[in-house]
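Peer 1: Make the full structure from the sequences, and use the hints.
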Amino acid sequence: GFEPERRSSHPYLFIDFRTLHSKRLHRLLSCQRYLHSSRLLRGVPQQIPLHILDEDYTGQARCMLEKVGNWNFDIFLFDRLTNGNSLITLTFHLLNHYGLVELFQLDLVKLWRFLVMVQEDYHSGNPYHNAVHAADVTQAMHCYLQEPMLAKSLTSYDILLGLLAAATHDLDHPGVNQPFLIKTDHYLATLYRNTSVLENHHWKSAVGLLRETGLFSHLPPEDSLNVERDLGSLILATDISRQNEYLTRFRTHLDQNNLCLINASHRHFILQMALKCADICNPCRPWELSKQWSEKVTEEFFQQGDIEKKHKLEVSPLCDRETNTVGDIQIGFMAYVAEPLFAEWTRFSDTRLSQTMLGHMGLNKASWSSLQQEQTSMSEEVEPSTVDCLRISLFFFSLTEVTPISSTVCL
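Under this note's numbering, the first residue of the sequence shown carries the number 1, and numbering increases by one thereafter.
Don't read these hints as lab results, they were simulated from the structure.
Ideal placement from N, C-alpha and C gives every residue a C-beta, glycine not left out.
Treat the hints loosely; a few may be bogus.
Heads up, simulated DSS-like pairs for lysine-lysine below, C-alpha to C-alpha not over 25 Å straight-line [to be verified]: (1) Lys152 to Lys67; (2) Lys183 to Lys309; (3) Lys310 to Lys291; (4) Lys312 to Lys183.
Simulated restraints, written as ranges between beta carbons of each label pair [claimed, not checked]: (5) Leu259 to Glu322: 45 to 51 Å; (6) Gly59 to Asp185: 49 to 55 Å; (7) Arg62 to Arg352: 25 to 31 Å; (8) Ser241 to Glu299: 18 to 24 Å; (9) Leu191 to Arg251: 29 to 35 Å; (10) Asn226 to Arg62: 31 to 37 Å; (11) Glu295 to Gly214: 35 to 41 Å; (12) Asn83 to Leu261: 38 to 44 Å; (13) Cys63 to Arg251: 36 to 42 Å.
Peer 2: Okay, structure coming up:
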């Protein structure tokens, strides 16, 4: 076995222990409020339909859940309609939708407590890596699980793993990246020896919550350990520094046409690729949603840069709000990271959804380019972003070592 990891991920200098205590108290009250409102403490049997458990849902949220498999699903609206409980609500609904609660005999009290704790362990102060992002990734994973190639091949266990991994893949994210943790000698960097630091922490934190709530305590110990191990394998695959490793393997399978989803290891690999796609699918969403995510992730980068400046540290790539722009970062990210990945995913699935995602990404890239040109024309400088755009291109290239679909990075 292995030890779970449950310490907070935030750098020591920025911990507010009063906030941490308040979160624990809020988590406890959330569990208690739910238990009383759902009648679970008043003799209602576990095998009950979802509508009895959704007393806190509004009619509009219920209506949205009926279209949870739609790629245009607005997770921001859904989060507002559920009073900030989009991750709990969505994940619980999907586990019921696939019949996993009954099939795996999950205790509803333990399950709800687990989901509440997962949502609470995401930091709402992070502009991007928060519970809404986790809910968005979980919804995207659901869309991929519905794809014909996966729907006809995946087992219930595969689906359970995919949903849990999506919900917990960024658990307790500190809002800064791995290089920041390494150069500040954060304990997580030491603990995981500077390798997949955040992803290891997300995984071990998820394991800690599984054990704390006893969600799978009714299973044989060996089965519980298998769940924890397989969950880790999925979450670790989201490490962007390993993008080339997974993409090369995926491309080789497709070139050789030797993917066999009857094979458990091949199914697990496809789950890894699905989670990787879900994790960075923001450029593939409709512009109204994609633009919001782009602004949020860039603001999180810039906040890290502000911290680095404050403490006289070298500002990390993409993190300087004075020299980088949302458009430059997004165009580079799409060209060097998102487009190569989704091009291979489209080769694999070849569905209307995969074509839709590529279509949205092309339109979004063009929109960012247009905005960049407008900003340039309004500026007094002739070509203010050329050097920064080249720097961004080189950064993404060095990060992934993947040839972009388009050689044009900054238009």
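Peer 1: Now tell me if each hint is right for this structure.
Peer 2: How the hints compare with the structure:
1. Lys152 to Lys67: holds (21 Å)
2. Lys183 to Lys309: holds (14 Å)
3. Lys310 to Lys291: violated (28 Å)
4. Lys312 to Lys183: Cα-Cα ~12 Å, so holds.
5. Leu259 to Glu322: 45 to 51 Å: holds (46 Å)
6. Gly59 to Asp185: 49 to 55 Å: For Asp185 against Gly59, whose Cβ atoms are near 51 Å apart, the range 49 to 55 Å holds.
7. Arg62 to Arg352: 25 to 31 Å: Once the Cβ atoms are compared, 26 Å apart, the range 25 to 31 Å for Arg352 and Arg62 holds.
8. Ser241 to Glu299: 18 to 24 Å: holds (22 Å)
9. Leu191 to Arg251: 29 to 35 Å: holds (33 Å)
10. Asn226 to Arg62: 31 to 37 Å: Given a distance of about 35 Å, which is inside 31 to 37 Å, the answer is holds.
11. Glu295 to Gly214: 35 to 41 Å: holds (40 Å)
12. Asn83 to Leu261: 38 to 44 Å: With a Cβ separation near 39 Å, Asn83 and Leu261 satisfy 38 to 44 Å, so the hint holds.
13. Cys63 to Arg251: 36 to 42 Å: holds (41 Å)
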